Amino acid sequence: MRFVGGKFLHLIVVILAVTALTFAILDLLPGSAAYAVAGANASAHDIAAIQEDLGLGDPALVRYGKWLAGVLRGDLGVSLVSGQPVAQAIASHLPATVELVVLAQLFTLLVAVPVGLLSAWRVDSRFDRFCSTLGFGLTSIPGFALAMVLVYFLALKLKWFPAVGYAPLSAGIWPNLKSLFLPAVSLALVEWVILMRVLRSELIATLQEDFILQARAKGLPAWNILLQHALRPSLFGSLTVFGLQVGNLIGGAVIVEQLFALPGVGRLLLAGIFAQDFAMVQGCVLLIAVAYVAINFLVDVGYGLLDPRVRRGGFARG
Amino acid sequence: MYARNDSRKPPVWAKGLCLLALVAILVQGAPASASGPVQGGSLTVGIEEDFVGFDPIKARFLGAMDRNVLLAVEERLFDLDEKGNLVPELALSASTSPDGKVWTILLREGVAFHDGTPFNADAVVAHWQRLLDPKNRYLGRSALEPIESVTRADDHTVRFTLKRPWIHFKIQIGSAGFASVIPSPKAVQEDTQNRAPVGTGPFVFKEWVRNDRLVLARNPNYWRKGRPYLDTVVFRPMPDMQARFSALQAGQADAIVTDRGTHILQAREDRTLKVYSGDYAGPYAFLFNSSKPPLNDPRVRRALAHAWNQEFLVKADFRGTIPVVTDPYGGSPACGDSGYRKHDLAKAKELLAEYGQPVALELAHTNTPRGKEAGEIAQRLFKEAGVTLTLTPLAPGEVFRKVMNGEYQISSWRFSDYPDMGPYLHESLGSKGRVNFSGYASPAMDEHLLAQATSNDAEARKKALCGVARTINEDAVFLYLGGRRFHILARTDVQGLSATPHPVVRVGDVWLAGGARMLQNAR
Amino acid sequence: MSEPLLVVDKLSVHLPCGDRIVRAVDEVSFTLQRGQTLALVGESGSGKSMLCRAIMGLLPGRARLPAPGRIVFAGQDLGVLKASERAGLCGRRIGMVLQDPLSALNPVMKIGRQIAEPMRHHLGMTRVQARERSIELLRAVGIAQAETRIDCYPHQLSGGMRQRVVIAIALACEPQLLIADEPTTALDVTVQAEILDLLARLQRERNMAMILVSHNLGVVAGRAHETAVMYAGRVVEQAPTAELFARMRMRYTRALFDAIPRLDDPAQAMLTAIGGQSPDLAALPGGCSFAPRCARAEERCSDQAPMLVSDGHARHRYACWFPCAVGATA
Amino acid sequence: MSATGCSIRACGGGASRVDRKAGGVFWLAVAWLALVAVLAVSAAWWPLPAPDQIDWVRLTAKPGDGGHLLGTDNLGRDIAARLLFGARVSLFVGFLAPCIGLLAGGLLGILAGFYRGTIDALIVVVIDTLLAFPRLVLLLVVAFVFGSSLFSLTLSLGIVIAPSLALIVRALTIRIAEREFILAARAAGANDAAIILREILPNVLMPMLVYMLVMTGLVIVAEGSLGFLGLSVASPMPSWGGMIAEGRDVLAEHPHVSMIPAAVMFLTVLAVNLIGDRMRGWLDVRESQL
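Protein chains in written order, with the working numbering: chain A, 1 to 318; chain B, 1 to 523; chain C, 1 to 330; chain D, 1 to 290.
Bound conformation, chain A alone (with noise of 0.2 Å):
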């Protein structure tokens, strides 16, 4: 019980400095949203009356303290820019972000783990080359380059996929897969490899080990001893990976929401951050905190399900 006490101090700590990083961050930049709001006619008089209105005479210690009394109570602000409120903006914008997630992570999960387990079962066969000198490749351009090339040859030539644009599940389920799968698999076409990597180099140390011997002396067919004997102990790393990877993707893939005009959350911070509505920015950034740090403590219980032993404290990466 202390152990859980003690991470979820920890986790609090995270957010609260992450957030205060934020503020004195967004602080430190010249000039304010008032210039953005009030567009290219607006006097000094009109510039000043707006600062008045957003709130952002107080110093910026005392915005912290407001805003993070207003967390409390649930409330993240109003968007200096739109009004609209904070929550709602990013409540809006979780749908694509999470389906992204989820679906580049399923296509990573799907490519990664059978390539990573005949890798490392066959090490330097021709698959595993093929596979290894492919997965250089991929990660050796910069991701928008592969989308371009995935929009150009899918969706302009074949005309398979929709070149840009997200359909909500509400447009319905293939629609709304159509449109997140360029964007996905764009995602996913970097994060395998990585992904990959870590589970063969595991994998391929799990099998020199003496439980694996013993598995195949009991004469288990090939594909029962990867995946009942040598995968799940060769989980850790992946797992570690993986939960940075969604982590990252919430609030970072940028580009391909930005490519493929996804309403993603990444969108949203690019466009708080350009129009300096800080009020956006920091709900974005307090959203990103939580979900890395829920991601690290569900890594954290993923560890203790992998493996019977994890019974201790502290963080596991020690």
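Quick caveat, the hints were computed from the structure, so don't treat them as lab data.
A few of these clues could be false.
Now the in silico label distances, taken between C-beta atoms and shown as ranges [as the list claims (entries may be wrong)]: (1) C:Thr148 / A:Leu134: 45 to 51 Å; (2) B:Tyr355 / D:Leu28: 52 to 58 Å; (3) B:Leu144 / A:Ala48: 16 to 22 Å; (4) B:Gln129 / A:Glu52: 22 to 28 Å; (5) A:Arg122 / C:Arg296: 46 to 52 Å; (6) A:Phe130 / C:Gly88: 29 to 35 Å; (7) D:Ala252 / B:Ala153: 58 to 64 Å; (8) D:Ala44 / B:Ala453: 52 to 58 Å; (9) C:Arg127 / D:Ala31: 57 to 63 Å; (10) D:Leu28 / C:Pro107: 51 to 57 Å; (11) C:Arg34 / A:Leu118: 37 to 43 Å; (12) A:Ile173 / D:Ala44: 28 to 34 Å; (13) C:Thr148 / A:Leu118: 36 to 42 Å; (14) A:Arg122 / C:Arg34: 35 to 41 Å.
It should be emphasised that the depicted structure is a prediction, and the values quoted were computed from it without experimental measurement.
Glycine residues also receive a C-beta, built at the ideal position from the N, C-alpha and C atoms.
Could you slot chains B, C and D onto chain A? The hints should help.
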């Protein structure tokens, strides 16, 4: 040419001819097809950025894309035709008193807002009084300064009382801006207008999911019978230019708004696409801060004007799809040669030698591909003249801030566009101008500005305006980066699009040839 | 005499290593009758484990078995079997106990499932049947409270118990041959004897043949019918166990004998290390591979490799030009 | 074990691959990197136009046109010249950002892993805070405050990779600090600084250098992505990422504008990755530690 001819698309020959003749093509569409408007269908429009908002006070300024929705959901009292005459919309007629200080406007009867509120004099008066009330701090109110009051004469008559005769009154109520469109007083009062606009227009606002889509649906009770043609209109913000064009090609958008030269040229070559263009006022510019050295010295500004090469920028950056301009008017009035300073490196160097000190400048530009490219070209051009230019890419709001506070040397700047640029230039270039951010002041300029503001004679006024243009070039107040020309790229089956004085897809006029297309292949 | 259960004939295992070849096992031959125990003894790296893995068919992927080596199990030449048929023997008719029970059990799988696995796979038992049988097996290998222990993870058991579990796994399908590769090396001295006795008892009860591998001659004494001493991949001396202990002909065997830790008096144990290093299996000397470490080596030893010859006494064979005199001490 | 290290165990155990020998591909990769490095250093001495020199009449010229070896970009600038100068940016950022990351992350990681306890807890909070902080905000804000210069780009990318490097160093340090020779050094009376400098640092350094190579590839690609968002270095300094992003516009008609820099970046990052992979093989650093 002829081999490509195709019965489905008669205007190919016309297009070819136009291109061969190197005629600037303004409206490059097919003549209305013989079959006439068809009801039904859904139109998806890809736009550059998301909307800002639709309440004049809450939104604070009109976003570049906002007119698209504003003019589909709400309506003005009058539209303006090309000659500047009022064309009745929500009003029936306008008459002015002999002294020119009172305008009486008769309103259309039997019109209702989408929320059921009747359209009447109260709605118009409420809207205008709200804008004029200083407490509400409507940012455009200084432009409305000549209006004394707006009052209700009877249920369907309103009276505008002016402080003095005002030549721009017609433009003010007929232009496509925040002040001229009439919102539902109920929606304004309930404070929902900004995010869910309610008006009397051909389309009813359905939903707006930020960064994703804004959906309009056909107004079944629209007062113009038979209009609009489309069932739904979807605006999708697609900030990436390449993505926007891909969306058009792949069929996720039926029309897109773009200013990317390569895409416009590509669309012209594409038989499934049509290009609609229109020029408007308010050029792109590099604004000089004339209040601080070294740019307070006209010789330096003139040198930079000669070092600058607008033709090259237009060619390289826009692929020749926007006009090279020498005045800020977008064609009306046409001033001809106004002493524009052409690219002349020798002259630039000569002027700088006269100035005699090394010149190093900073350019604050918006952090967009467009801003970057213009900056890079300027950097190279100035370097050839011996001027060092540092580029500072900034968020748009930051550029505003620096310019408004005079914390800049050169900045990328987009002058606002007005059908009549006179009053705006008066504020921007006059020595006491409210939005004169360049710190420029000259008696000659003030004289021309005063003349255009007070003159009631069209010819004299044109002369004064052209005098302004000439003085801009003479004193090198700012550098032209090209004129404003908007381009709407649409599929050929999108009919009824026309050139407007704004980059607006007037969806109220649009129909889809073979309107059943949408039903057959639901995308 | 009936047909032998296992015949290993001129078996070699070659492992390519870079551009050289490691001769891990070099032309080893022996036969094993049903119900008998053969002990394989030698230093680590002498090829015992590779030999076992060759019989199981569990060699590393790059290992080669050059002709004319053959392994015949119950009259069946294993070399001609397909991989799947070979796998059908493993666990079913040949069981294997690995050296280190700590690592031989899957740490993230309950032991019950690990015992049940071969039965479900080879015998097609249902989950319930396999579980009941697993409990019986756990009892048979001497684990108390088998019903609860079956749901333990390996880390919840002691080392000795884990080795019993490994033995239970190997016995699950009632194999005809049990290969025990250093089954007690990793265990406490006190537990070693228990496990060895357990193996012996089970072997008797089930009439299994067993190959018992050890680096410790002491372990073998009294537990194997026959003992083969391996050095550098070859069998250098082979005899019925009692005969071997009575008349050691190889100096290497004698050195191994001297290295036996005295169980009865650990404090006085004379751990006589054998001088020198075990040879590089990729570059074996031309003559006797033990020659560089042999006190008695002469020129002939490094020129010509001695063949495994019988000394004409009770199936005792050895490979040495200058064997120890019978009854002599080294 | 045998003297040659080629016994059964050395060869059979571990995740060893064929990569113990360097192989032709490895040397090819080294040669390419060396070529890029030499060209980057000597960029100014080649008979090429300046990277911001505009050929007023040849925009998006094909390779070979008008004396432009690799053609020109949208604004008529020589692609070959821009590639050479862009190589400076990529190599500078690719080399220095991981160094900054390693310096900051390594210090934090070693202190946390060595002292554990309260210091560790504090440092882990710092690391977690940095990891949970959206990178985009960091990169954009640095670009805002310092402008998008080469320096600020390198600094911000360094800060972005520091926390993950810190976690790796921390884990390595913990492992090393538990070993006997550390205990021995402590018993011999060495103070903390001496142990960190003499015992831990050398042991952490080699694996870290390999990770740095991995990071180098990542950072060069990241610069490319930032170019897409317009956040790469400011003009007139060309960067590969910026070149790819600019060429996107004319991808359909003039693919070479985008594809040539993309190919160069691809080959360079591939070379870095291949070298890193081989070195990891030699040092037997497992990827799962990443």
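- Checking against the hints above, which ones are violated? 10, 12
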